[in-house]
Amino acid sequence: EKVSFNNNVTIIGNSTFEGCTKLTSIGDVSNVTSIGDSAFYNCTKLTSIGNLTNITSIGSSSFNGCSSLKSFDIGKIIKIPNSAFSGCTSLETIDLTNVTYIGANAFYNCSSLKNIGSLEKITYIGNYSTFGNCSSLVIDLNLPNLEYFAGSFNGSGITNIVNLGKIKIIEWAASFTSCLNLKTAILPDTLTEIASSLFAYNTNIKWVKCLAVNVPTLDNNSAFISNNIQYPIYVPDNSVDLYKAATNWSTYASRIFSLTQFATDFPNV
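For the sequence shown, the numbering used here assigns the number 1 to the initial residue and increments by one for each residue that follows.
Everything labelled a hint here was simulated from the structure, so no lab data went into it.
Be careful, since some hints might not be right.
[To be verified] Below, a list of computed lysine to any residue pairs in the SDA-like style, where the Cα atoms sit at most 25 Å apart:
(1) Lys-121 to Lys-209
(2) Lys-76 to Thr-100
(3) Lys-45 to Asn-31
(4) Lys-2 to Ser-71
(5) Lys-2 to Thr-24
(6) Lys-168 to Leu-187
(7) Lys-206 to Asp-219
(8) Lys-70 to Thr-100
(9) Lys-114 to Gly-126
(10) Lys-114 to Ala-200
(11) Lys-183 to Val-240
(12) Lys-114 to Thr-89
(13) Lys-22 to Phe-5
(14) Lys-209 to Thr-184
(15) Lys-2 to Asp-73
(16) Lys-166 to Ser-196
(17) Lys-209 to Asn-227
(18) Lys-206 to Phe-262
(19) Lys-121 to Ser-34
(20) Lys-206 to Asn-227
(21) Lys-121 to Asp-189
(22) Lys-2 to Asn-54
(23) Lys-45 to Ser-60
(24) Lys-168 to Asn-142
(25) Lys-209 to Asp-265
(26) Lys-2 to Ser-60
(27) Lys-183 to Ser-250
(28) Lys-206 to Ile-229
(29) Lys-168 to Asn-221
(30) Lys-70 to Cys-20
[Claimed, not checked] Ranges of calculated distance between the beta carbons of each label pair, as one might list FRET restraints:
(31) Ser-118 to Asn-221: 32 to 40 Å
(32) Thr-217 to Thr-24: 47 to 55 Å
(33) Thr-44 to Lys-183: 30 to 38 Å
(34) Asp-237 to Asn-98: 33 to 41 Å
(35) Pro-144 to Thr-33: 25 to 33 Å
(36) Leu-242 to Asn-127: 26 to 34 Å
(37) Thr-24 to Ser-112: 16 to 24 Å
(38) Asn-54 to Ser-118: 20 to 28 Å
(39) Asn-238 to Gly-117: 37 to 45 Å
(40) Asn-127 to Ser-57: 14 to 22 Å
Treat the numbers as computed from the prediction; the structure is a model and nothing was measured.
Note that beta-carbon positions come from the ideal geometry of N, C-alpha and C, so glycine has one too.
Construct the entire structure; sequences and hints are all you get.
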């Protein structure tokens, strides 16, 4: 079934179509500016929504479980709330170029997601599996303005962690576990604490750089264990001995080298 709105409709309220499993499409919603919490929750046959260019906000779980939805026009939205697209297993395209905030579990289990635009404006990524199991998301992770990160890309297709901005803490355990395409990672100089199992079960990782001069706290000694792959960890030259002696870092002492050594080991990077 298709639903259309007249021009007087500007808000789609909380739970308006929740559980409407026969709903297949929404007509022109060019006058709609806001979509409420759980508005389309578990509308499993919803495939399309017309003209979302004036949308400024969507609510938590607004499209959670819309497993047939293939694309979404972000309109003027800059904040993606908690679980907004969780379980949208057919979602392939959503342009996050102007988005600054992504809430907890926002894209969890979006296994077809592959086109998301630039992430350069994002400052906040919320808790748990924010992009968990996004296995088709084969991208370099570049978040130069990131200030808060408690989320996870576990099981995603990311290839290289290029920039994590200005974050101080990676607080969610296993944030980058089972990323089977992940080859390299750069951790920022602002980092003060790293949660457990950071890169566990990553079978293709080649090297990690940690740019922090002051050794970040490791919550335990599992952060850099990846199926017995002994990849090197490069740190600032004057901090090498401090890293090797630090609690839990000492587990990896034989794998810790200077950034100067990195230039020798990987001269073309």
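Original post:
Against which earlier hints does the structure fall short, listed by number upward?
Top reply: Every hint satisfied by this model.
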